[in-house]
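K.L.:
Chains as they are written, first to last, in this note's numbering: chain A, -19 to 382; chain B, -19 to 382.
Source of the hints: derived by calculation from the structure; they are not laboratory data.
Restraint ranges, calculated between C-beta atoms of paired labels, are given here:
| id | chain 1 | residue 1 | chain 2 | residue 2 | range |
| --- | --- | --- | --- | --- | --- |
| 1 | B | P161 | A | L54 | 55 to 63 Å |
| 2 | B | A339 | A | T34 | 53 to 61 Å |
| 3 | A | V123 | B | Q2 | 49 to 57 Å |
| 4 | B | A36 | A | R152 | 32 to 40 Å |
| 5 | A | A36 | B | T34 | 25 to 33 Å |
| 6 | B | G3 | A | T40 | 15 to 23 Å |
| 7 | B | T34 | A | D169 | 40 to 48 Å |
| 8 | B | A25 | A | D169 | 41 to 49 Å |
| 9 | A | L54 | B | G97 | 52 to 60 Å |
| 10 | A | S67 | B | A18 | 46 to 54 Å |
| 11 | B | G3 | A | G272 | 56 to 64 Å |
| 12 | B | A36 | A | Q135 | 51 to 59 Å |
| 13 | A | A339 | B | E115 | 33 to 41 Å |
| 14 | A | E242 | B | A18 | 46 to 54 Å |
Pulled from the structure, derived: some chain B residues nowhere near chain A, Cβ distances all over 10 Å:
| id | residue |
| --- | --- |
| 15 | G49 |
| 16 | T70 |
| 17 | E115 |
| 18 | L124 |
| 19 | A130 |
| 20 | E131 |
| 21 | E261 |
| 22 | A285 |
| 23 | R291 |
| 24 | M331 |
| 25 | P332 |
| 26 | S333 |
| 27 | A336 |
Ideal Cβ positions, reconstructed from N, Cα and C, are used throughout, including at glycine.
There are 2 protein chains.
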Amino acid sequence: MTAPLHEPRPSGRGRALPDTQQGMRRRNLARVMHTVSAEGPLSRAAVASRIGLTRAAVSTLVDELVRSGLLEELGPERPRRVGRPGSALTVSGSGPAGVGAEVGVDHLAACVVDLRGRVRARAMRHGTNRGRPAEPVAKDLTVLIAQVVAEAEGQGLRPAGLAVAVPGLVARDGRTVVRAPNLDWHDTDLAALLPGDPAPVVDNEANFGALAELWLGDGTPHDFLHVSAEIGIGGAVVVDGRLLRGTRGFAGELGHMPVEPEGPTCPCGGRGCLEQYAGEEAVLRAAGLAPGEGGVGLLATRAAAGDDAARRSLREAGTALGTALTGAVNLLDPEAVVLGGALAELAPWLMPSLEAELARRTSGAACPVSVSRLGPQGPLLGAAHAVLRAVLDDPAAVAERR
Amino acid sequence: MTAPLHEPRPSGRGRALPDTQQGMRRRNLARVMHTVSAEGPLSRAAVASRIGLTRAAVSTLVDELVRSGLLEELGPERPRRVGRPGSALTVSGSGPAGVGAEVGVDHLAACVVDLRGRVRARAMRHGTNRGRPAEPVAKDLTVLIAQVVAEAEGQGLRPAGLAVAVPGLVARDGRTVVRAPNLDWHDTDLAALLPGDPAPVVDNEANFGALAELWLGDGTPHDFLHVSAEIGIGGAVVVDGRLLRGTRGFAGELGHMPVEPEGPTCPCGGRGCLEQYAGEEAVLRAAGLAPGEGGVGLLATRAAAGDDAARRSLREAGTALGTALTGAVNLLDPEAVVLGGALAELAPWLMPSLEAELARRTSGAACPVSVSRLGPQGPLLGAAHAVLRAVLDDPAAVAERR
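For reference, chain A alone in the conformation it holds in the complex (with noise of 0.2 Å):
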């Protein structure tokens, strides 16, 4: 890759700006960038309505976004409109870019995404990575990331930062592969073999996959719980519209939520964790698959036909999510939980047994339960926007790179 990666850190993870002059005009930048992102097309005095500034300082802001490359002046608007035209402002098509990347375990994948949300390139790799030491894993993801890069920078883009979807526990410093078990990896620093300097941001899959949904969900809450599950179970915590992270960055653990506590034993060291009831190898078990042969894919199929041992076996992961789910809404009480991931694929046959779970546990007034619609797709696309919103959230440090 031949662009730098600039501003990687997720939104919310960023210093916070100093309260000086110089810290206030940097997060008035930041201000005008979200709004216009979020609503634009805008014109100047739109722009300042809403953000409770005056029209001539927001207008000192915009032309310093133009300059850097951020916003895009759209023209003065159509005739058709009544009143003095005035130049509607969007976010850049043709300027800086979040480049996502995503370690499955029986996939890699790369993609560009631009100011505007739209997807510029995408690739990606099939074949298993469960066992594989780091360092090809992270050679092979680095040919697909040169790829995405040299297509997007092919269309005007400028590559702002990269983040990296893995399915295991990340540590705070946004590049330490503590534990990935389907993978194999422990204690891996896993940015120090990519490209970028300033380092790659790692996470979390169902943390990026937490954030798509905030940030790219239809009507999706800012207070929600959201469950994924692509061979573990993964969880996040939205709170307030920010991650919750927890003390060693692993909050968000859901899979190994005891549901019976002398349960069959669990790879964690513990007994009758969630993943021994609703995780993917369990659930295929039960259905009678053998591992390997068809996967969630074939569980659809067989449950949409009918299959009664299928339909069993879903059954009860879904009684088992919603034992475990009930302890999380009683400590978390969020506005919606979410699933994504696998789960989205399953939903149709775990969700009434999910539901009635949790109503039964917590008499009714249970937390309203909703399917992502982004499904396996978060995870890529969250560490994309990841790099995006870092953007928005401090524009004044792309700017100054430039």
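Given chain A's structure and the hints, the job is docking chain B onto it.
P.N.:
Below, chain B alone, put in the same frame as chain A:
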């Protein structure tokens, strides 16, 4: 009560101050107050270096805070110090004060705390409130509050607000007790029944207990799970030094985490909830004590004397707490768990099985569990300090009202 009650929002509930010159001044006044409160006595130069503003800017802010009665100058430092003497600043011992009150199942309490954290007046009334309607309880509490306020005013203090701890779920409006099963209150607007304009702030006792732990605890981290017990089991989650409130204000409910999915039914509608194994009534019953027969005090005495039934009952309660905490720790990844209230008194006999269960289920990577030194004092002190935090967070609001 004659003094109007101001600034009732506990810390973190206030509106964000706008990003203008005026907003910046107010935030900087707050930074001076917080710095002197946490580290004073401090000279103006020391304050300036700690908050990164010029000494001239800090002097202007300090002058305003001294005029408003929020800071005091101790006079020139003693001549034995070298260099030019500076005047040390402290928060005022005779300015605004926080009024805290508590509705317990078996008592009422009120206190006044000054900005230096000293309890300047305190009153308590024993007697059950179980099943009493809110009106007479609020009337009794108002008498106690008037008593401590009069005593504090006699010492030159100015009550700056009232906050009230209750053993129940409180809505995010900070005034409505949605459900307090042990009082038999439902959807009760307690704030309307108590003195103060603007209205006092009402919150769950576990929330105020957790805030007390955060503000007054010895080395308590900024990310922890607080578990307390009076009659029920309460919990509160602190993340980055702020309470996690949840969508409805109910976050932290640990008592209804399922511990045995098909265990005994619970008044909440669920089955096998933690409260059925580790709640006060369950533990007393398992120890062979009738309700009302000496309570937690007698149980502790028996356990200390080596009584088998008492020790077994507490050992089993500890195991149930360990199972429930496994789920909570996996979900939140806190830096510590702190046991407060009655659990603090029973900790010597709960902790061994609790810690063993947590370690067994989390591969030895267990979160440390500690015991609160505030114990049953926590909620009342937390309420009074919540008022004081609101003063530190926006001292200009107090100054404007003088």
